[in-house]
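Q: Throw the hints in and build the complete structure from the sequences for me.
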Amino acid sequence: MFKFLQLNKIFQITSKAPKYVLFLFIVVLSVGLTEALILSPEDYKQSDAVRIMYVHVPSAWISLGIFSSITFLSLSGFIFKNNNFFLISKSLAPSGFVFNIIALVTGAIWGKPTWGTWWAWDARITSMLILALFYLMYLISWRIYENEEKVFKISTFITILGIINVPIIKYSVDWWNTLHQPASINILSKSSIHSSMLFPLIIMTAAFVLFSLLIFLMKYNTELIKIKNKGLDRL
Amino acid sequence: MINELLFMNGYGVYVLSAFSFTLLSFTALYLVTKIQFIKEQNKFVAKYGSLNSEKAISAKSQRINKEILANVTKN
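Going down the list, the sequences are from chains G and D. Oh and the first sequence: position 169 is 169 in our numbering, straight run, nothing missing. Oh and the second sequence: position 27 is 262 in our numbering, straight run, nothing missing.
No lab work stands behind these hints: they were computed from the structure. Only a predicted model underlies this, so the values are computations on that prediction, with no experimental measurement involved. Among the clues, some could well be false.
[Claimed, not checked] Think about it this way: if two alpha-carbon atoms lie no more than 25 Å apart in a straight line, the pair counts; the simulated DSS-like pairs of lysine-lysine are:
1) Lys230(G) <-> Lys282(D)
2) Lys150(G) <-> Lys230(G)
3) Lys9(G) <-> Lys282(D)
4) Lys16(G) <-> Lys226(G)
5) Lys226(G) <-> Lys274(D)
6) Lys226(G) <-> Lys290(D)
7) Lys16(G) <-> Lys230(G)
A: This is the structure we're talking about:
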């Protein structure tokens, strides 16, 4: 099972892919920035401050998506006894953490002109901060423990605890009275965002996904070379 | 036109600082990851170079090692 996850075969693809992904990322980001900063309209209430949404929302989405993927992959690693799942999780974490920080900082910058404060201990913001702490614990666990089995167990335990926070982040704006506005984009029902703002948001999300893919590929290749370095030591 | 773009009805400072922070974070993460990658690659080349001919042949028989070495020469 999972023969396609053989390191030799994977490295053949992942070692060549980053340069193409980087090129695509620069192209999509350029289009996204033009749309977000120049072409998209201002909001009738928030005026131009709404443009912060084009970096804040995709960052929050991707950080949540990456953490969910890390949890799923870590659990799969245990179920199928495949270490490569852990390697993929480890390589995804740095970009997830950075996107989490970007969401928090850009959220604070957006909060000042719209709410009149940089920070509020409301449910959405606090739960996002907690997610950042889980990311940090996950990354630190890989640095602290040398023993492979131990680090697999501890990092998976951290992700299982952290994943409980993900639905809390998602539904915090519905469950509690918060400063944060409810979701404007719904997959199952009609979105309340106009297409002139939805289009740049989708482009910027695509650019951010490409960036996280680029970092993942580079990090994954680094981890594979690290394994090979250990292999050379044993020769 | 450019003044209008930068001023953004008084929100320019907030909007541009949010975008700048995002792009700076991207650049920093990219550079850190790239440096780590190059460091490991150089370590691999140094270790490979220190192998005797028999061990080098054995190491080169693995396709992934060949790929790593090929990428180093390309870079």
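Q: Does each hint fit the structure? Answer for all of them.
A: Outcome of the hint check:
{"no.": "1", "hint": "Lys230(G) <-> Lys282(D)", "in the structure": "holds (10 Å)"}
{"no.": "2", "hint": "Lys150(G) <-> Lys230(G)", "in the structure": "holds (19 Å)"}
{"no.": "3", "hint": "Lys9(G) <-> Lys282(D)", "in the structure": "holds (23 Å)"}
{"no.": "4", "hint": "Lys16(G) <-> Lys226(G)", "in the structure": "holds (18 Å)"}
{"no.": "5", "hint": "Lys226(G) <-> Lys274(D)", "in the structure": "holds (10 Å)"}
{"no.": "6", "hint": "Lys226(G) <-> Lys290(D)", "in the structure": "holds (18 Å)"}
{"no.": "7", "hint": "Lys16(G) <-> Lys230(G)", "in the structure": "holds (23 Å)"}
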